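Chains as they are written, first to last, in my numbering: chain A, 1 to 270; chain B, 1 to 418; chain C, 1 to 292.
A hint or two may mislead.
Claimed, not checked - Over 12 Å on every C-beta distance to chain C, these chain B residues come out as not near it, computed from the model: (1) T37; (2) G107; (3) D243; (4) Q253; (5) A278; (6) R314; (7) E381.
Said to hold, decoys possible - If you anchor each label on the Cβ, the simulated ranges turn out as follows: (8) A:L128 <-> B:Q69: 15 to 25 Å; (9) A:S39 <-> B:N169: 26 to 36 Å; (10) C:K204 <-> B:E399: 50 to 60 Å; (11) C:I183 <-> A:L11: 42 to 52 Å; (12) A:L11 <-> C:L78: 21 to 31 Å.
Read the hints as simulated data drawn from the structure, not as lab findings.
This one's a predicted model, so the numbers in the text were calculated from it and none came from an experiment.
The beta carbon of each residue, even a glycine, is placed where N, CA and C say it ideally should be.
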Amino acid sequence: MKKLLWVVMLLVAFAFIFPIVMMFFTSFKAEGEVLNPASVVPKLWTSENYRNVLEWSEEAPFGRWLLNSVFVSSSVTLLVLTLSSMAAFAITRLKVKGGGAFLGAVVFSMMVPGQLFLVPVYFILSKLHWLDTPAALIVPATAGGFGVFMLSQFMRAVPSAVEEAALIDGCSPAQVFINVTLPLCAPALATLGVLTFIGSWNDYVSPLVYMDSVRNYTLPVGIAMYQASYYTEYGRTLATSVLASIPLLIVFLVFQKQIVESMASSGLKD
Amino acid sequence: MTARTGIGLLLGLCLGLSVVRGDFSCGTLASKKTPITFWNGFTGPDGRVMLEMIRDFNRENPDVEVTMQRIPWALYYNKVMVSGLDGRGPDVFVIHASALTRMQRAGVLAPMDSLFESAIPADDFDPYVVEQTKFEGKRYCVPLDIHPQGMFLNKDMLRAAGLSAAPKNREEFLRAAKVMKSSETFGFALTAWQNNFMSLLPQFDGHYMGADGKVDLDCPGNVEALEFLGSLKSKYDLIPPPDNQLGWVGYRQKKVGMVWDGIYMLGDLLRLEGMNYAGAPIPVIGKHAGTLADSHTLCFRPGMGATQREASERFVKYLSANSLRWAGAGQVPARRSVRETPEFKKMQVQAAFAEQIPTMMYFPRIPVLFEMGIEVNLAVEKVIRGRATAKEALKIADENTQMAMDRDAEQHKKVVTP
Amino acid sequence: MTWKKRQQLTGYLFLAPYALSFLVFLVLPILVALVLSVMQFDLTATEQIKFIGTQNFTDAWKDDYVKQAMIATARYVLLFVPSLLVLSLAMAVGLNAVKKGRNVFRGMIFLPGIFTIAVTAILWQFFYNLEFGFFNWVIKQFGGTAVPWLSEKSLAMPSIVLMSLWWLSGGTAVILLASLQQIPTMYHEAAALDGAGSWKTFSKITMPLIKPVLLFTVLTNTIGAFQMFPQASLLTQGGPELSTRGTVQYIYEIAFQQYRLGYAAAISWMLTAVIMVFGIVQFIAMRRNSAQ
Numbered sequence: 001m002k003k004l005l006w007v008v009m010l011l012v013a014f015a016f017i018f019p020i021v022m023m024f025f026t027s028f029k030a031e032g033e034v035l036n037p038a039s040v041v042p043k044l045w046t047s048e049n050y051r052n053v054l055e056w057s058e059e060a061p062f063g064r065w066l067l068n069s070v071f072v073s074s075s076v077t078l079l080v081l082t083l084s085s086m087a088a089f090a091i092t093r094l095k096v097k098g099g100g101a102f103l104g105a106v107v108f109s110m111m112v113p114g115q116l117f118l119v120p121v122y123f124i125l126s127k128l129h130w131l132d133t134p135a136a137l138i139v140p141a142t143a144g145g146f147g148v149f150m151l152s153q154f155m156r157a158v159p160s161a162v163e164e165a166a167l168i169d170g171c172s173p174a175q176v177f178i179n180v181t182l183p184l185c186a187p188a189l190a191t192l193g194v195l196t197f198i199g200s201w202n203d204y205v206s207p208l209v210y211m212d213s214v215r216n217y218t219l220p221v222g223i224a225m226y227q228a229s230y231y232t233e234y235g236r237t238l239a240t241s242v243l244a245s246i247p248l249l250i251v252f253l254v255f256q257k258q259i260v261e262s263m264a265s266s267g268l269k270d
Numbered sequence: 001m002t003a004r005t006g007i008g009l010l011l012g013l014c015l016g017l018s019v020v021r022g023d024f025s026c027g028t029l030a031s032k033k034t035p036i037t038f039w040n041g042f043t044g045p046d047g048r049v050m051l052e053m054i055r056d057f058n059r060e061n062p063d064v065e066v067t068m069q070r071i072p073w074a075l076y077y078n079k080v081m082v083s084g085l086d087g088r089g090p091d092v093f094v095i096h097a098s099a100l101t102r103m104q105r106a107g108v109l110a111p112m113d114s115l116f117e118s119a120i121p122a123d124d125f126d127p128y129v130v131e132q133t134k135f136e137g138k139r140y141c142v143p144l145d146i147h148p149q150g151m152f153l154n155k156d157m158l159r160a161a162g163l164s165a166a167p168k169n170r171e172e173f174l175r176a177a178k179v180m181k182s183s184e185t186f187g188f189a190l191t192a193w194q195n196n197f198m199s200l201l202p203q204f205d206g207h208y209m210g211a212d213g214k215v216d217l218d219c220p221g222n223v224e225a226l227e228f229l230g231s232l233k234s235k236y237d238l239i240p241p242p243d244n245q246l247g248w249v250g251y252r253q254k255k256v257g258m259v260w261d262g263i264y265m266l267g268d269l270l271r272l273e274g275m276n277y278a279g280a281p282i283p284v285i286g287k288h289a290g291t292l293a294d295s296h297t298l299c300f301r302p303g304m305g306a307t308q309r310e311a312s313e314r315f316v317k318y319l320s321a322n323s324l325r326w327a328g329a330g331q332v333p334a335r336r337s338v339r340e341t342p343e344f345k346k347m348q349v350q351a352a353f354a355e356q357i358p359t360m361m362y363f364p365r366i367p368v369l370f371e372m373g374i375e376v377n378l379a380v381e382k383v384i385r386g387r388a389t390a391k392e393a394l395k396i397a398d399e400n401t402q403m404a405m406d407r408d409a410e411q412h413k414k415v416v417t418p
Numbered sequence: 001m002t003w004k005k006r007q008q009l010t011g012y013l014f015l016a017p018y019a020l021s022f023l024v025f026l027v028l029p030i031l032v033a034l035v036l037s038v039m040q041f042d043l044t045a046t047e048q049i050k051f052i053g054t055q056n057f058t059d060a061w062k063d064d065y066v067k068q069a070m071i072a073t074a075r076y077v078l079l080f081v082p083s084l085l086v087l088s089l090a091m092a093v094g095l096n097a098v099k100k101g102r103n104v105f106r107g108m109i110f111l112p113g114i115f116t117i118a119v120t121a122i123l124w125q126f127f128y129n130l131e132f133g134f135f136n137w138v139i140k141q142f143g144g145t146a147v148p149w150l151s152e153k154s155l156a157m158p159s160i161v162l163m164s165l166w167w168l169s170g171g172t173a174v175i176l177l178a179s180l181q182q183i184p185t186m187y188h189e190a191a192a193l194d195g196a197g198s199w200k201t202f203s204k205i206t207m208p209l210i211k212p213v214l215l216f217t218v219l220t221n222t223i224g225a226f227q228m229f230p231q232a233s234l235l236t237q238g239g240p241e242l243s244t245r246g247t248v249q250y251i252y253e254i255a256f257q258q259y260r261l262g263y264a265a266a267i268s269w270m271l272t273a274v275i276m277v278f279g280i281v282q283f284i285a286m287r288r289n290s291a292q
């Protein structure tokens, strides 16, 4: 029984990574073999697809898109962590007046679906002259309430005696925040950071709507655009997909445990 | 990984990358060159030819720096329109002649009459093509090419089926489609449904708009044209069921003998090796020859300064004068003098497609062309799948397009000040 | 200034950056969306912008394409959410039961979630392609005929759902697994002592204990599923016959291809209303559950 279950789980897990393996193999097939597969593994390995993509880097500036993606996602993550933890600190530790009501509004705003913001935010960004700049992808992404909600919950669950004592002893709130609260919240911050980074990395709609210049695209839109021009050449689009996925794949393999556990704990906030 | 190193890493990434990206440029030396941004949707090999032409232009004109950006057409118009409306648009850009109505009305185009008076000889274009550049007497674009829909053939498949020449009429076409069909291959397949259908309209004396200025998509000629396309599946069972992009991909894989598509698809064949292809006019299925066509045209944004405008005019003049090179990328130049050259006549596919210029018909000049395209596409799809008769499908398309027209007219009513 | 007051002031300073972002990019957009929805607001006809009351809403109510998009959205939600729940719960239970290699399996199941939707769609297009797709290649190897995964009306939406399951179910399974692992083993031991079968243990002990997380998962995934856009827009472009064009894709087309921002805002509000109804019902269910 245990053995059988183990085999079933192995098959399930394999089914999940099979498409990825397939993508990798197919990207090393010559165009003819892509269209008439004789086997899953290439009969004849070739780097032709990769050479094709990289030779015309001006056509599909991968490096640039990758750079944009890393820049945008790290900035969003950093800002979300900073702003949310500061806000949660103000609400739960400094106990600002109206903090509870504000948190209530934030929680309520989480119920409003994101699609409603597409057109109005476009409109606001246009008035700010932020369209087609990285700010359009970074700043609006910090408004979401999840981080503040999650960190407030976390801070409430952790005793605040140390911080209160430090405050009474004359430490400035900023000192307490940096030296006591932040280290205390490290696990929650890590979870929030991972979730925010993956969310921002995979965001397709905002760059599609807010960016005009090809060189300002992030990977998701860049790849989709490249595919739209080269839909007839599967080997080539799969090679681009592999190239685009490698950086995050490496990060995932290195920090697998932390990432998956951060994800896991996101459902256990109460 | 501690939280501190994590945060430090993120901070480092942000700062480092913003420097690499050049967000904080440290006062670059003001260049003496006039910058021109040029946008288009030439994302295939044709874009590479365009890029080379721009390199040469920049070399010959050291005082100007043209930079090009390419976005696939499907996304391109959103971007040109919204960035133009927002004042961030490109200086020079390509739009299809069919998109002119909407763009001109939105105010993102500048008149170009001065250019026709000085640099571009208007009489070197077909009168029909010149007519398409005008609005209320003013010209708003310079046609770079004409791209008629035509027929692409696989010569090897044709020969293997015992055919020596491209089919020229309905009987020959049906026969060719039949003899090239096997368990593995098709003689003919549809590509862009809307374009395939519209290519037949002029042949059946169909039209888009009635004499009363109302949409008339279900007129007898259109119904007949669509009935023919439908019969290819229902009556003759010659074509595969409609599937996204399958027709062209199948042709490219040598599994389809003939397809109808625009000359711009030639670029996709030019980068293929070992494909024995040829071009021909769309066969005469209806009463007489005819096909659908459109143009890539060059436009200016309004509000350019005098220096920039002068440089842009020079650039457009250069592209137009060198459009033989552009023809080599798989296009038919709009300039008649270029099409007369022996070099162009040697380009088999381009020259064959160009034969259709006297009988071609452009899209209707209505602002809701995008909405009409979706309706027509849907109508063709329904008929091919046997879910509606041509008359029924076109009637629905007609009503919905008219509704879009009415709504559009209501929203764009000219404000009359008493 | 008293110490207490100063602390309050510092508190507001700490709150201010987020509050500003919240106001400008969350509260203000809601107001803008409200205003837009009662305006005729065509980006290409700015001189014609005017107040038209509820006309956008009545137009949307009569618009057959809105209906069609809502139906497509509903089909996606109804197919996706239950199958996501069953699949990820089954995987979580399976993972919880195996000891050897659990973390490796967990990582493998989670892996698809890190691919961007564009890559996911390219990959699955390659699997689904009628002529040379991998699925049809396998089918043909066994002598079958090609299946039109994306071009048959009845198949296209399930195909999109299958891709979404591959992409998203790992994350949900990981969350459910974590909640399973929090159940103290003594509960199960006690049940075993009482002679309860494994199904009985699962339904009477495990399910009630993970119910809050389960409800949370359903809530977030339902809200997400109602906003499905890139999956269909990249895989099928909304076809065949617009049967997979979801509401958000239609809103995008209205706003950024037809430039009718007012009308797009009105449809957004209608979709929001639908989502809110679902959200509130599930929220109440969660409250009731945690009160018990």
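To see whether the hints hold, each was checked on the structure:
Distance check on T37 of chain B: its Cβ is at least 21 Å (rounded) from any Cβ of chain C, clearing the 12 Å threshold; non-interface status holds. At roughly 8 Å, the least C-beta separation between G107 of chain B and chain C is not larger than 12 Å, which violates its mark as non-interface. Some Cβ of chain C comes within 12 Å of the Cβ of D243 of chain B; the nearest lies about 4 Å off, and the non-interface call is violated. With a cut of 12 Å on Cβ distances, Q253 of chain B falls inside the contact zone with chain C, its closest approach being about 7 Å.
No Cβ of chain C comes within 12 Å of the Cβ of A278 of chain B; the nearest lies about 23 Å off, and the non-interface call holds. With a least beta-carbon separation of about 30 Å from chain C, R314 of chain B lies farther than 12 Å from that chain, consistent with its non-interface assignment. Distance check on E381 of chain B: its Cβ comes as close as 6 Å (rounded) to a Cβ of chain C, failing to clear the 12 Å threshold; non-interface status is violated. For L128 of chain A and Q69 of chain B, the hinted distance range of 15 to 25 Å is satisfied, since their beta carbons lie about 23 Å from each other.
The supplied range of 26 to 36 Å is broken by S39 of chain A and N169 of chain B, whose beta-carbon atoms lie about 46 Å from each other. Separation of K204 of chain C from E399 of chain B is about 59 Å and conforms to the stated range, judged on CB atoms against 50 to 60 Å. Checked against the given bound of 42 to 52 Å, the beta carbons of I183 of chain C and L11 of chain A, roughly 26 Å apart, lie outside it. For L11 of chain A paired with L78 of chain C, a C-beta distance near 28 Å keeps the hint of 21 to 31 Å intact.
Checked against the numbered hints above, the structure violates hints 2, 3, 4, 7, 9, 11; every other hint is satisfied.
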